[in-house]
Structure formats: structure tokens, C-alpha cells
Amino acid sequence: MPYDEVMESNQVTAFARHETQTAIVGLILQVLLARDGSSWIAQALDLDYATAGTSLEDVKRRFEMGLCETMQIHFNLFGNLSNFLHRPPEEEWQGLLKTADAQQYIQVSVHEFPKRKQDQPSPFPFPFGGIRYLMETMENQQRLLWS
Amino acid sequence: MNDDVPRETVILVLKAHGVTVTEDGEEKVTIIKDKRVEVHRLPAIVGHRIVVGFARKFGVPAHLFWHPEMMPDEIRPPGLVPS
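Here the protein sequences line up with chains V and S, keeping their order.
If you use the working numbering, the first sequence corresponds to residues 1 to 147, in order.
If you use the working numbering, the second sequence corresponds to residues 1001 to 1083, in order.
Don't read these hints as lab results, they were simulated from the structure.
The beta carbon of each residue, even a glycine, is placed where N, CA and C say it ideally should be.
Among the clues, some could well be false.
What the hints assert, rightly or not - Taking beta-carbon pairs under 10 Å as the criterion, some of the chain V residues facing chain S (in silico):
1) Gln30
2) Ala34
3) Gly37
4) Trp40
5) Thr54
6) Leu56
7) Asp58
8) Leu67
9) Met71
10) Ile73
11) Phe78
12) Glu92
13) Gly95
Unchecked claim - Chain V regions said to be covered by chain S (calculated; three or more residues, Cβ under 8 Å):
14) 47-53
15) 59-66
With the rest of the complex left out, here is chain S (with noise of 0.2 Å):
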């Protein structure tokens, strides 16, 4: 079984949350929530521990990065087919 989530969908899913994600070059992003800050070179591929950790130093529901695709119709982004 693949955990792996692309980096991307990290984002995606990140900033659905109402996270500040900010992105410079071809790696570095800056993820913001209130007083929660950090920067990371993240590679294209994530995995699932660090995208797990993510989830509960932001507060988003972990199953989202795989399934992105069962955000709320509130938040989902456009583009994103419902489940």
C-alpha cells in the first residue's frame, strides 16, 4: 500500500483548511495556521508520516490528503469531483 501523497495535494488541502501556504521556488513552502509556523523544502512525493503531522499541527482531518476529494462542498476547491 502507497501512503505517499503528492505535494500538491498537500497544498490543495492545506489551504482548503483556511491554512496560509506559501510558495517559493521550486520547493520551499511556508505553512502558517495562527502561532503554528514552519517552512519546509518539501519534495514532490510526501509521506505519510510527515503528512500525518500535518495534519495535527493544522488541524485537518488526515484522511483528506487521500481523499481530497470528500472535502466539504464548502471547501472543496472547483475542479475536485465529489466522492
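One chain only, chain V, in its complex shape (with noise of 0.2 Å):
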């Protein structure tokens, strides 16, 4: 099935149609956790987004969230993604690799988001591949500095 739109920057494809009144977006992102000061801070690496929270799995809610929310109104606006696609200037997130406080493990995990009942609307206007956490660690460092 063509789609009106295909957005492709680097890591992330967004797909979207318009015609039936729906945006189907699909996303694959690595998303950079950290300590920020007493808070937490997801900070994609493929989009200019971040978010805090006040712990890690708070962070993780917040951004999916907030995440959903803002391509929701992108496209209320705009009518796509493309105010939003863009990456974030290296120094930002090359700045969280640096933290003194780097967990030394990597935590992988994807979350889908719910099925909506029919009565019931989603708070999540599409449905994501998936969001791809990766924890600062030195192995992290290595790949994203050498790859």
C-alpha cells in the first residue's frame, strides 16, 4: 500500500497517509538514558528530543508520551514530520556519554504500545516499531564513537 509520505533520517523512518485521516508512523529509535542532576534525561539520538523524569522507568514513560504527543500535533499542524525530524547536534548527546555516573551494563528493551478496545481511544495515535533504550556504557561509547 503506497504511502503519502516517507521520511527516512538516518536511524529513523517515518511513514505516514493521509487520506484515510490516520497517520501510520513507524519508528525505531536509540534512545540515550542518563542521570541528569537528581533527575533522569532520555534523549533520542535520532530525533532532537528529550525528556526528563524522576527515575528511570518514570523517564521511559514520560518520553514515550511525550513522544506520541508531539508527532501527534506535528501532524495537526503541519500535517507531517517534517519540522521534527531532525537529529540532535552531536555535542548534546556526546556531553551524556562523558557522565561521571555511566551504568557499566546495557539495558535492551522494546515496548509496544497497547491494543485500543474499540470504545476506547489510544492514547498513542500510531503505533511505533519500537523504542530502543540503550544505557550509557562504555561499550556504547566505543560503538557510537567507531562506528
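Fit the two chains together into the complex; they arrive one by one in their own frames, and the hints show the way.
Listed below in C-alpha cells is the structure:
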């Protein structure tokens, strides 16, 4: 089935259909998780989007909800994601890799959004391919710096 | 050194600089300036890196998030005593 819009930005690929008034967006993101003072930060490496949270699980929840709602408002205002699909400045996430309290293990998890019931509006207006979280680690530093 | 900034201060400084900020419920915040549009579920305390990111994205001098009293007279909200 052809899409009205296909946007690719390195690791991010988004597909959208407008004729049915629905947008199907598939994203696979790499998200860096790190401490930020007394809170946590989730920084996407492929999108210029980051958010804060009070714990590891909390920042994931806020990231997923805020990202979905950000894409929805871009569709509402602009009809596409072209103003959103930009990479963050490298110095912003490179700095995270140098954080002193980097955790020394890798955590990878994929979050599927729940299927909605017919009479229940979805808080997530379109499905993702998944969000891949990367804890900052020495291994990640080497992989990111040398890839 | 604690670089955290209260959510209310983040919103106050953004608004003072002409950024449209709407709050919906306890944590949902929509931030709009020109074609830069982001929705966040902001906690009560926002960390340094997020604040610096907001400063870059929405064109606000970063130091004002930590020293909102230093905002110029013409944009400083009433009640904030100038430093």
C-alpha cells in the first residue's frame, strides 16, 4: 500500500497516510538514558527530542507519551513530521556519554503500545516499531564513537 | 551543585520570551515557537541538560532559567525582583 509520505533520517523512518485521516508512523529510535542531576534524561540520538523523569522507568514513560503527543501535534499543525525529524546536535548527546555516573551494563527493551479497545481512544495515535533504549556504557561509547 | 530547575520556572522563562506554553493537567506541557513544537510530560523538577536543550531550541538565554530575576525589565514578569 503506498504511503503519502515516507521520511527517512538515518535511523528514523516514518510512514504516513493522510487520505484515511490516520497516520501510521513506524520508528525505531535509539534513546540514551542517563542521570541528569537528581533526575533522569532520555535523549533520542536520531531525533532532537529529550525529556526528563524522576526515575529510569518514569523517564521512559514520559519520553514515550511526550514523543507520541509531539508527533500528533505536528500532524495536526503541519500535516507531516518534516519539522520534527531532525537529529540533535552531536555535542548534546556526546556530553551525555561523558557523564561520570555512567552505568556499566546494557539494557535493551522494546515497548509496544497497547492495542486499544474499539470504544476506547488510544493515548498513542499510531503504533511504533519500538523504542530501543540504550543505557550509557563504555561499550556504547566505543560503538557510537567508532561506528 | 544542584542545577535542577523547577518546572514552574522553566515555563515562566519560556513564556517571558514569547514562547507559547500551554499546560494540560498536572504534567502535560505543549511548547510552541514558530515551527518548533514539542509536547512534554514535565516532572516538577527539570534537570540541567533538558533546560539547556530548551534554551537552544526555543531561543532563550540559558542562564535565565537559573536566574529569572535577571530578565530585562520589559519581559520580566511582575513579582520577580530584579537582581
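So, going through the hints one by one against the coordinates:
1. Gln30: Where the cut-off is 10 Å and the nearest Cβ of chain S is about 17 Å from Gln30(V), the hint is violated.
2. Ala34: holds, 8 Å
3. Gly37: holds, 5 Å
4. Trp40: Cβ of Trp40(V) sits 8 Å from chain S, so the hint holds.
5. Thr54: holds, 5 Å
6. Leu56: At 13 Å from the nearest chain S Cβ, Leu56(V) fails the 10 Å test, so the hint is violated.
7. Asp58: holds, 7 Å
8. Leu67: holds, 8 Å
9. Met71: holds, 9 Å
10. Ile73: holds, 6 Å
11. Phe78: holds, 7 Å
12. Glu92: Holds. Min distance 7 Å.
13. Gly95: holds, 8 Å
14. 47-53: holds (count 6)
15. 59-66: Three-residue rule met by the stretch 59-66 of chain V, so holds; n is 4.
Going through the hint list in order, the structure does not satisfy hints 1 and 6.
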